[in-house]
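Here the structure of chain A is known, so what remains is to put chain B in place on it, guided by the hints.
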Amino acid sequence: MAPDTGGLTLDTAPKPSPAADASPGDGPAVRVRGLTRGFGGRVVLDGIDLDIRRGEFVALLGRSGSGKSTLLRAVAGLDHGVAGRGSMDTPEHVSMVFQDSRLLPWQRVLANVVLSLPGPNARERGRAALAEAGLEGRERAWPHELSGGEQQRAALARSLVREPELLLADEPFGALDALTRMRMQALLLRLVEAHRPAVLLVTHSVDEAITLADRVVVLADGTVGADVPVDLSGPRESASPAFADLRRRLLSELGVTDAPDEEAPA
Amino acid sequence: MSAPAAGTAGPDVLPPRSARGRRLGPGPRVPGLLALGPLLLLAVWFLGSATGFIDERTLSAPWTVVATAGDLVADGTLPDHLAASAQRALLGLVSGIAVGLALALVSGLSRLGEGVVDGPMHVNRAVPNLALLPLLILWFGIGEEMKVITIALAVVVPIYVHTHNGLRAIDRRYVELAETLGTSRTAFLARVVLPGALPGFLLGLRFAVTAAWLSLVVVEQVNATSGLGYMMTLAGTYGQTDVIVVGLVVYAVLGLLMDGLVRLVQRRALAWRRTLED
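Same order as they appear, the protein sequences are chains A and B. End of the first sequence = 266 in the UniProt record's numbering, gap-free, step of one. End of the second sequence = 278 in the UniProt record's numbering, gap-free, step of one.
Do not rely on the hints blindly, as some may be mistaken.
[Unchecked claim] Some but not every residue of chain B turned toward chain A, in silico, with C-beta under 7 Å: (1) R173; (2) E176; (3) L177; (4) T180; (5) L181; (6) T186; (7) A187; (8) P195; (9) W272.
[Stated by the list, open to error] Anything over 10 Å on all C-beta distances counts as not near chain B; from chain A, calculated: (10) G77; (11) A128; (12) G137; (13) L179; (14) H195; (15) V224; (16) E237.
I should point out that these hints are in silico values taken from the structure, not numbers from a laboratory. In this text the structure is predicted, and so the values were computed from the model without any measurement. Note that beta-carbon positions come from the ideal geometry of N, C-alpha and C, so glycine has one too.
Looking at chain A on its own, in the form it has when it is part of the complex:
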């Protein structure tokens, strides 16, 4: 566990430490306590507490600038030199999916998927992961030869071939068209069900959060504004009354009062 400095000044962000003291199987996958982050004197995250159970799918909602990406990057350990304090326990195997697929343009698709993949039979496992993501036969393609949706599939394969205990996703479908996004959401659910990682998904889409997550956390003014479990039985139809109720509630948490009945596809 990283030391909680507890001081008033903003120190350099402590690195997330793998939960070495926790034996696998007990305790949450992610435990964040009192996480504070600031940029140039402006506090972006103000004492965030967040637990994510093993295998739990948490969606992180928040208005633009609410600090949801900052929180995700802090959990991923990508915020070198950002001022802050707080403690964080994260699993040893963490994968991240970005809004852009972030495939290295000079490596073919399979080489991208198995980049720095430890263990034997890396290429075989990479092939299997690509097939799972519906990209069988595209192993030798260059990233620029793939469509936007296919690139994001490859990025998902790259994340999941590492069998992460925690999957971090920063608006992974934000740059895709509405149809592709729906297909990718279904793929993500299928893959998450097969591999059972804990998931922290940052999204700006309330519908996406309700459709995918077990729990929705709303960030507001650098703190957790709402923490809402999604208890919808059966298929999550955006037209169902329970779905609409939840959407209205989350939108009001986000400060949208004249909520539309259906979210317009972005």
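Same frame as chain A, now just chain B:
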């Protein structure tokens, strides 16, 4: 591509081309078109000599040059000098590339390295190679060592500048990705840094090849007993215009060939890019 000619496969009706859809890039590659400029130059030379517009004493006619080249090859003069020159150029090129690449990596990947290396490199860049020559002769004598070092010094600069620039232009997002994947330093170097800096390096290589030939001429004309430059200087003292032109043509052909070679490597190695080049 322009509209397909009548009778070729393709859609029967193409919408009329409007200014809105005009192609702004150079279009697809036409085979052999890169030889157009050199061929035009040759044609002007040929016509000028045939019509007497170009005086034989000013510039030998193409056929005289070809005959002289034949003689020089037959008596072994040209192959010997060419071999001596090629060896110097190659040695200087290889050592210059190695040093330039190493310095670019040191300077590109570490702030301390940049502080140490970058300044001296730009000093080296600002001082003309010719101006260094007297000093290099004092230090290393007039043997092969001095010649190879002079060439290497000229090669280091473009390799360093363009590789360093290419390396620093690598998208920060890829570095971040490598961090999330737990990439080791070695793998980071091999999979992200080197391929990412490759376009810059190859551009530097094109300049470096030219720089190597240029320096070669200079060092061979200063103090040498072999090499193309020596052959040409000697011909100059005896007023053998044709031999000088043979030397020039050999330089030009070699320069073009090496540049073509680098461009071929470039196209092969950068197949992942989608640019106007392709």
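- Task: May I ask you to check that V224 of chain A keeps its beta-carbon over 10 Å from the closest beta-carbon of chain B?
- Result: holds, 24 Å
- Message: The hint names L181 of chain B as touching chain A; please verify it with the least Cβ-Cβ distance against 7 Å.
- Response: holds, 5 Å
- Distance rule for H195 of chain A, whose beta carbon must clear each one in chain B by more than 10 Å: Correct as stated: the minimum Cβ-Cβ distance to chain B is 17 Å, above 10 Å.
- Message: Restraint: P195 of chain B near chain A, CB-CB cut 7 Å. Satisfied or not?
- Response: holds, 4 Å
- Task: Please confirm whether G137 of chain A is truly not at the interface, meaning its C-beta sits more than 10 Å away from all C-beta atoms of chain B.
- Result: Given a closest Cβ separation of 19 Å, the condition holds.
- Let me know if the C-beta of W272 of chain B comes in closer than 7 Å to any C-beta of chain A, holds or violated. holds, 5 Å
- Message: Checking hints one by one. Is T180 of chain B an interface residue toward chain A, by the C-beta closer than 7 Å rule?
- Response: holds, 4 Å
- Message: Holds or violated: the hint that L177 of chain B contacts chain A, with Cβ atoms closer than 7 Å.
- Response: holds, 5 Å
- Take a quick look at E237 of chain A and tell me if its Cβ sits farther than 10 Å from every Cβ on chain B, holds or violated. Holds, since 35 Å exceeds 10 Å.
- Query: When you look at the beta carbon of L179 of chain A, is every beta carbon of chain B farther off than 10 Å?
  - Reply: For L179 of chain A, whose nearest Cβ neighbour in chain B is about 25 Å away, the distance exceeds 10 Å, so it holds.
- Task: Would you check whether the claim that G77 of chain A is not at the interface survives, using Cβ distances to chain B and the 10 Å cut-off?
- Result: Not fine: 8 Å to the nearest Cβ puts G77 of chain A too close to chain B.
- Verify that the Cβ of A128 of chain A lies farther than 10 Å from every Cβ atom of chain B, and report whether the claim holds or is violated. For A128 of chain A, whose nearest Cβ neighbour in chain B is about 18 Å away, the distance exceeds 10 Å, so it holds.
Checked against the numbered hints above, the structure violates hints 6 and 10; every other hint is satisfied.
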